[in-house]
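Participant: Each chain is listed here by its residues.
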Amino acid sequence: MVSKVRVVTDSTADLPRELLEQLKIAVVPLKIIVDGETYRDGVDLTPKEFFQRLPFTKELPSTSQPSPGDFVATYERLRDEGAEKIICIHLSGGLSGAVGAARLAGNLVDGVEIEVIDSYSASVGLGLIVLSAARAAQNGATGDEVVALVNNLVQKVQVYFVLDTLEYLQKGGRIGRAEAFLGSLLNIKPILSLVDGIITPVDKVRGQSKAIERTIELIKQSSGGKRLEVAMVHANNFSDVMRLHERVVSEFKCCELCELIISEVSPVLGTHVGPGLVGIGFYPID
Amino acid sequence: MEILNGAQLKEMILVASRNLTAQKDLVDSLNVFPVPDGDTGTNMALTLQAAAREVQKLDLVLLGEVVHKAATGALMGARGNSGVILSQLLRGFAKGIGNKDTINAKEMAQSFQAAVDMAYKGVMKPVEGTILTVAREAARAAQENCRRVTSVEELLRLTIKQAKVTLDQTPDMLPVLKQVGVVDAGGKGLVVILEGALSALTGEEIGLEPEITPLTIEAIQSIEIVDEIDLADIEFHYCTEFIIKGQTLPIEDIKRAVEPLGDSMMVVGTDDVAKVHIHSNHPGRVLEICMEYGTLHAIKISNMVEQHQELQVAQVQPKASADLAAKPYGLVAVAVGEGLCRIFKSLGVDQIVEGGQTANPSIEDLVNAINAVNSDQVFVLPNNKNIILAAEQAKGLVDKSVIVVPTRSVTQGIAALVAFDAQSDVQTNQERMLQAASKVVTGEVTYAVRDSKFEDQDVREGDILGLGDGKLKVVGKEISEVVGDLVTMIMPEHGEIITVFYGQDVSEEEARVVVDMLEAAFPDCEVELHQGGQPLYYYIFSIE
Chain A
75 MVSKVRVVTD STADLPRELL EQLKIAVVPL KIIVDGETYR DGVDLTPKEF FQRLPFTKEL
135 PSTSQPSPGD FVATYERLRD EGAEKIICIH LSGGLSGAVG AARLAGNLVD GVEIEVIDSY
195 SASVGLGLIV LSAARAAQNG ATGDEVVALV NNLVQKVQVY FVLDTLEYLQ KGGRIGRAEA
255 FLGSLLNIKP ILSLVDGIIT PVDKVRGQSK AIERTIELIK QSSGGKRLEV AMVHANNFSD
315 VMRLHERVVS EFKCCELCEL IISEVSPVLG THVGPGLVGI GFYPID
Chain B
232 MEILNGAQLK EMILVASRNL TAQKDLVDSL NVFPVPDGDT GTNMALTLQA AAREVQKLDL
292 VLLGEVVHKA ATGALMGARG NSGVILSQLL RGFAKGIGNK DTINAKEMAQ SFQAAVDMAY
352 KGVMKPVEGT ILTVAREAAR AAQENCRRVT SVEELLRLTI KQAKVTLDQT PDMLPVLKQV
412 GVVDAGGKGL VVILEGALSA LTGEEIGLEP EITPLTIEAI QSIEIVDEID LADIEFHYCT
472 EFIIKGQTLP IEDIKRAVEP LGDSMMVVGT DDVAKVHIHS NHPGRVLEIC MEYGTLHAIK
532 ISNMVEQHQE LQVAQVQPKA SADLAAKPYG LVAVAVGEGL CRIFKSLGVD QIVEGGQTAN
592 PSIEDLVNAI NAVNSDQVFV LPNNKNIILA AEQAKGLVDK SVIVVPTRSV TQGIAALVAF
652 DAQSDVQTNQ ERMLQAASKV VTGEVTYAVR DSKFEDQDVR EGDILGLGDG KLKVVGKEIS
712 EVVGDLVTMI MPEHGEIITV FYGQDVSEEE ARVVVDMLEA AFPDCEVELH QGGQPLYYYI
772 FSIE
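The listed protein sequences derive, respectively, from chains A and B.
Residue numbering for the first sequence follows my numbering, starting at 75 and increasing by one per position.
Residue numbering for the second sequence follows my numbering, starting at 232 and increasing by one per position.
There are no misleading hints in this set.
Using 30 Å as the maximum straight-line C-alpha spacing, the simulated DSS-like pairs for lysine-lysine come out as follows:
| no. | chain 1 | residue 1 | chain 2 | residue 2 |
| --- | --- | --- | --- | --- |
| 1 | A | 159 | B | 352 |
| 2 | A | 245 | B | 476 |
| 3 | B | 356 | A | 230 |
| 4 | B | 704 | B | 670 |
| 5 | B | 326 | B | 300 |
| 6 | A | 245 | B | 576 |
| 7 | B | 392 | B | 409 |
By construction, these hints were calculated from the structure, which means they are not laboratory data.
The following block holds chain B by itself, in its conformation from the complex:
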């Protein structure tokens, strides 16, 4: 048709609103900009619903009145940033239409442009790669095409086509989109709205079938496909499961393409996200076929025959280049014990060198660790007085700038790491780390490996020894008692937190008993328990 009137526009708004509401979860799931709070779809849907409600009430369907009521309704009910921008688009559109009773294709294109102008005006700092860009490019396409296209329907179709093209380009404009691997949520919302409007004009059904409720990406990813296999007669060996992300995924086509390759096939999803599951002897071929439809994620291939073998392939698409960039500072620490290593990693250590109280790492081990860090400025925490020297030697053997922070225990190392600040300069960090390390009081509880003497006491092999900051302080027969006595002896004046790391020869239950004892004996202190997993030392603890 060549012209658009009020009754048609009313219908377009109502259908667009229904369409967006039906797909709001999908739009929500794309939301990472400006904040990843996952509500763009909901906000846009609620905003458009507010517009639709106003329009629904109208008996007289004059074009000007319909569009102005929609714009006002949207503005009053606008939710969230995306809702506000949508309401601005509507306002601009309304301004473009003015008082006309009908518009032709050219006037529609002009009104799209007016919508974009109003939206850009309303945003303090417009960002490219968002709904604004999609709208702008769509309006431009409309302006270009209205010279040769006189059908309103055709123009809208072409506008939507451009909007989709631009939407696909948004990850190239906004880095955070590329990192997460999604297109812009607001842009997607706009496309959904325009598609709804078009379908009202043409009477065609769009995308989603009413019986299928839109699935969020999480929902699709978490679909558990339980295999009931009789291991005796497995014909197809590899359970293959992955997600395809793309545009207008042809679920039926994918099913047909993959089916011949195995059995127990399932393909579920929506336009943009689908989960594929199949038992096949050629998992590689399955992947290759599906790569034609989009990008593959969360790929899991397991050999069902050999139950223990599991092939897990990370994302096929290259990750954002941010991962590979060099960091300004690197951290290397020496530690032994599974729990302690985990804790050091969680505090930001890049390379852990196994060593400590039993086997001191070699200079080569330290050199390798320093070189393995993707940074030219490296801090090294030896965490043992015997390793400080080796670390200093290693420093001279590498090309990088290395600072050895002379920590004498893992507890000092941890304190130094807490004080580390990636935003500060090298000297400040060195000072802060040293200061923090020196303020920690360290206790260690282990056993005597031979007979000896301590002050006036005889120490027998197997006796329990308590050391404070490396010096023998307490000898006893019972671990828990020695811990208590040691803490009492070395407790500093304003000690407030006792952090206890239990070693590989201690069970969690035993450790908890010791913690209970400490909490009772020192009610003003907080006692924190962690699994250290260290050999030789039943307990290592810090008092801060």
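The shape of chain A in the complex, shown without the other chains:
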């Protein structure tokens, strides 16, 4: 029996396919344009394929949000499958117009209650919120309960991203406050976060090991010894995300998700952050 409360997100949630299917989460893909061809993010082009092609593209691939029509189609499908309430959780409005298009579309579909929520996050930060919502819905929570849960998590979820370079963020126009970090001739790894839904610099260090250690320190500072729900992500950098994973597991008490979720960044996010990224989303569980 399909739940009457359904969860929708977009392709930047970076959740593994098995989990999406298991929890019946609907995904509206953003679009990525590579050398003139438009692909549905994660559907027509996978992260692996994208990073393989990236060094050879003539110009930096660009991205675009789903059109309101794409959301409408998904809402109508879910409604026809029996949904009474649809909860949509999306990539930060400070990074993309996707959540705005979703809201517009929400006003156009009758016969089902639709609530659109800006996660103020991205990648696995968004993914963790979506997962929690979908689990609750599958376990019989009411629409209102799921919305309350989501709004609570939006306040608690944090992300840290270690990038190889700020070049991609700058070219894609999303560098936000991290512009202050530009320009160094030395090999410095920026550690970034999302604050109020916008890219914000946290620290900069030399070397990947130091970057991982600093990230662990930062998580320690913000988690206050509590148990954590954690998910990690990388952009064509499996070896470094595994190093992060090792450190996280040895330093923190994590819940079951921590063992399972190491995702690769979607092409849409990938073109904005560049290969080499290692990231983590987390929230404390009281």
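Given the coordinates of chain A, assemble chain B onto it according to the supplied hints.
Facilitator: Same frame as chain A, but now just chain B:
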């Protein structure tokens, strides 16, 4: 005409779409808000194309049906924020028209207002200085004028006039537009759409001639005009080249005005951007004449006779005032060596004082540097133990608040700068910078200037010396060997990055050989090579 029907509106939408598509690159090139991703023109064009496709399919051209189909098509195909706003404008316009078969000027004005109301509703945080403002002011002008104007065509003309006026004002409403020196892309897109619609009504041709493909600002700027000059008989001495940015630039007029001033003249461009190139003996006059048409940018004047002389004038328009505002913190560092100075600048140092291991800067040099920084709170990095004292003295001689971070080498200085955070308070920065500086292990390789003794060894003048954190550790005959031995001796337990700066007496090839050696000897470490250009020290390196 006094009324507008469905067939006319259909034509207006189709022509508007073609017009916008033809000019989308120009609109793209203006895109800096909300993110400078350069796709506003493309997005609006694709959105309007989606509307046009729906309208094209219609056989029965009832006004209500045309506008509603256009609105739905736009909504379904809306691309990007600007596309979504455009689709909302269309939806509102459609709502205003409702089921009517024709509208008069007054009803058109009301429908414009309905469009604006719908667009504002659809945006969570409306920002002034964007397409919304242009649309709003245009609709207001339409409402005001429809009382005395009964011609639909005339009303649309007046609406467009106001839209253009407001568009020109957008840089005053949105700071980022002013900083970059452009009008709002979305607003420009809207003007292009309205102009297209008007031309469908009047049958007049608009702006762009079909043979000229729209040039992006980049394209125009990068047009290379190659001069083939026989230096022997140059009549006009100064090769003068610049960009004019303006509104509806009259290219032909500009050509006529500039032509008499020299030869090899070329003027290329579009309504808003043009590149001017001419050989003239009065470059100043050329500039002055062109200033009448717009703002001048990327001005290059070179004296073709004296090939080495080059006059490069920066932007004539005053830059955004943000450049001149005081910063909360200033950074002064002592360094010597071209490469090292470049690196310090790239790390955010405002003033470099030349000094270091050979010539220590005077207290006056330090005072001048501190005063030259546009900030009341200054951090000073002496990068040499002999300069720390001078820096402390300089502190007492200035009016500003100065903190001396007692760095003893450029490597410590660099580590301190990496730890510096403009967002943190003074105390936190002081602590972090000190801590970072203390964690760095520093190596220096130089040569002995006289005979001496080191432990049980005789040191001859010209021997290679390796110092670790300022203390002599290794003596040898061969530079590469000493580097290797020194690194081995001072390598800390968790050393991971060796950053090597090679001095002015070392070539890049020699440095690379040393780097290869280090990478082989220390496979767990990352080795980074930079040109330091410092005198005396063949190599300075840090291990972190």
